[in-house]
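Asks: Chains as they are written, first to last, in my numbering: chain R, 1 to 72; chain C, 1 to 593.
These are calculated hints, taken from the structure and not from any lab test. Idealized CB from N, CA, C, for every residue including glycine. Treat the hints with care, as some may be off.
Residues from chain C shown here face chain R by an in silico Cβ test under 8 Å; the list is partial [stated by the list, open to error]: (1) 38; (2) 207; (3) 213; (4) 246; (5) 248; (6) 448; (7) 452; (8) 502.
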Amino acid sequence: MAIERIDRDQCIGCGICRNVCSCDVIRLDENSKPYIRYQDECCLCLYCVEDCPVGAIYVSPDKYMKQLQSWG
Amino acid sequence: MDKVIKTDVLVIGGGQAGFFAALKAQEKGAKVTLADKGYAGKSGQSQNITCMIYFDPKKNDLNKWLEEGPIADEYLENRDWVEVVYRESKDRWDDLAKWGMKSWRYNAKGDAYLAPVNGSTDEHCPGEPKEDIITNYLIDNRYHYKLRDIFQKAGGTIIDRVMITDLMKQNGHIAGAVGFSPDHDDTYVFQAKAVVLAAGNGGMKTCGIRTNTTTGDAQAMAYRIGCAVTGKEWADQHGSRGDFPAYPWTGNDRNPYYSKYEKTSEHLFEHLPLYNIEGTLINSTRPDLSKFHPLPFNAIAMAYEAHIGNAPMFYKVDGNPDTRPMNHNPSDKPREAVDEIAGEKGMVRMSMGRALGQSYHLSDGVWSDGTDCSTPVPGLYAAGDCLGARSGYPMAGFAASFCAVSGARAGTNAAEFARRATDFALNGDEADRLKKLLWAPKERKGGFTPKWALQVIQDTMTPYWVLLYKSEDRLQAALNTILFLRDHIVPKLMADDNHDLRLVHEVGSIVLHMEMKLRASMFRKESRWYHYREDYPLRDDKNWLCWIKVQDVDGEMTFIKVPVPEKWRPDPTESYAERYPCAFPNEPNVLPE
Chain R
1 MAIERIDRDQ
11 CIGCGICRNV
21 CSCDVIRLDE
31 NSKPYIRYQD
41 ECCLCLYCVE
51 DCPVGAIYVS
61 PDKYMKQLQS
71 WG
Chain C
1 MDKVIKTDVL
11 VIGGGQAGFF
21 AALKAQEKGA
31 KVTLADKGYA
41 GKSGQSQNIT
51 CMIYFDPKKN
61 DLNKWLEEGP
71 IADEYLENRD
81 WVEVVYRESK
91 DRWDDLAKWG
101 MKSWRYNAKG
111 DAYLAPVNGS
121 TDEHCPGEPK
131 EDIITNYLID
141 NRYHYKLRDI
151 FQKAGGTIID
161 RVMITDLMKQ
171 NGHIAGAVGF
181 SPDHDDTYVF
191 QAKAVVLAAG
201 NGGMKTCGIR
211 TNTTTGDAQA
221 MAYRIGCAVT
231 GKEWADQHGS
241 RGDFPAYPWT
251 GNDRNPYYSK
261 YEKTSEHLFE
271 HLPLYNIEGT
281 LINSTRPDLS
291 KFHPLPFNAI
301 AMAYEAHIGN
311 APMFYKVDGN
321 PDTRPMNHNP
331 SDKPREAVDE
341 IAGEKGMVRM
351 SMGRALGQSY
361 HLSDGVWSDG
371 TDCSTPVPGL
381 YAAGDCLGAR
391 SGYPMAGFAA
401 SFCAVSGARA
411 GTNAAEFARR
421 ATDFALNGDE
431 ADRLKKLLWA
441 PKERKGGFTP
451 KWALQVIQDT
461 MTPYWVLLYK
471 SEDRLQAALN
481 TILFLRDHIV
491 PKLMADDNHD
501 LRLVHEVGSI
511 VLHMEMKLRA
521 SMFRKESRWY
531 HYREDYPLRD
541 DKNWLCWIKV
551 QDVDGEMTFI
561 KVPVPEKWRP
571 DPTESYAERY
581 PCAFPNEPNV
591 LPE
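Sequences are here, hints too, so could you generate the full structure?
Replies: The structure is reproduced here in structure tokens:
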């Protein structure tokens, strides 16, 4: 669903994906490597895919939103 | 801890309008700070800019272009703004050329390449040989990155990842703003002599559109300190491909960045004939649409088709180059190429509802009396999609130019205001009050999550019968839910971390925005342009050649009619069908007066 994978071997740790993520889905870990923190908020804008200099990010065209049926 | 930032001009929002405001205020000698809740230069709807159109007064006939506009959004266009954009868009284009922007070109083999923009009028997209056509460029939508560097090198300050939640007023004029970061717990307190709001229009994060940052925050802040907003009754909607309903419009189908996503992009299909389940063509039943933007009428027609049981709708992929009723851009891909990308011939199912919750570009936003981007709060300006230009169609396609032109005006005027303003000390009490409101959701021990509240909002507002196919009872039903959210849920939203805190404040803005949309839709008791009422299906020129202004009056959301000037109204001697050649669903061609 939505953003699925950031290939950590390919990733050069530039942090661009964290910056360009419009929904604050991607965060950086203590080694400044990105990880997917809030996956279900990905709006498939593809900005991270467009701007990743090494093509390390995969976003799927499928998105299934979690139904939050119980309130709270 | 507080981070206190003192500046002459604070610009909120780092897209097209925000950067033009910041750079122009800076040119005027102001100390400028630009804040964005995301990353300035990669923010809001500006990243969806692909085409930018400018009007060249030396080449294009101003009077001819001005004459063609008003019928398209059914006499509610603010023609003053249209004229300003026509007169100034070329200058803003030349600014971009000076700043090193590039645009896409195609060589003889059809391969795309990026070339610098030099402003000469002999450059244009392929396939635009028409006489007097306005120059339409396919621009590199990464150019805002470049604007960051230009702004910062000239001494400008960019504050990324800071969401501003409220504006501060002091002694009757603007004084600053407060905000927070998703990354730490410091509060940002901005002291500014002038503020430019350039943070877009309002939406509700519907899937399938890349604008999940435009949640109406800036409009809500302006409303809370006494500004009016306008245009809330107008809808907006796009479809998406049925097998990938959440996949977004990936921009212009000629932009090579997006070529690998084309197959899933609705934009590719938007130009194909659209059929209902009965096989009836539904988007070519209008008269010559070349002068009109067909989107509102098609969207309402689709909602009607769904209502009478003819959903889903299908795009027909048949390779027939003669059937392109929605093609309004001469440089779009040839029909055969579209079919090839679509893959298989046949019918492609579409889904609807993307973008619902927004108003059509430039039709809504903070009210400004003239064309100087000012608001009733001295020192506060609005620009771009955040500014209610009260115009839809004539500026569709000009949206990027409008953001540039209005941004430049707002920035210039804000710098001038700041230059004349006297120094002042910020009132700490007001800042403390707003800081408490800002952090309150993190202090709550119990309550509701913003994700759940957002889901209730979307479930309430997205069905076609609320914002596209309206009636009093259905609007009231939706409003009851929104008011319950406003009174009982929003005050109890809680946040575990600062990411959720952003969502909480966004939900607050969205609920306010939806209340305005529903109430404005109930207030306009007629149908016009992108507002269709099943219970008032005709235009009512006698009562409704008016804009609607929404304002807080003594704590009450109040709706005020502002008549369209006489000179812009339709010729009363023309028949209804002549005044309104675009038909709503089921509307007879000729109607009695």
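Asks: Take the hints in turn and mark each one as holding or not.
Replies: Hint by hint, here is what the structure shows:
no.: 1; hint: 38; verdict: 5 Å, holds
no.: 2; hint: 207; verdict: 6 Å, holds
no.: 3; hint: 213; verdict: 5 Å, holds
no.: 4; hint: 246; verdict: 4 Å, holds
no.: 5; hint: 248; verdict: 5 Å, holds
no.: 6; hint: 448; verdict: 6 Å, holds
no.: 7; hint: 452; verdict: 5 Å, holds
no.: 8; hint: 502; verdict: 7 Å, holds
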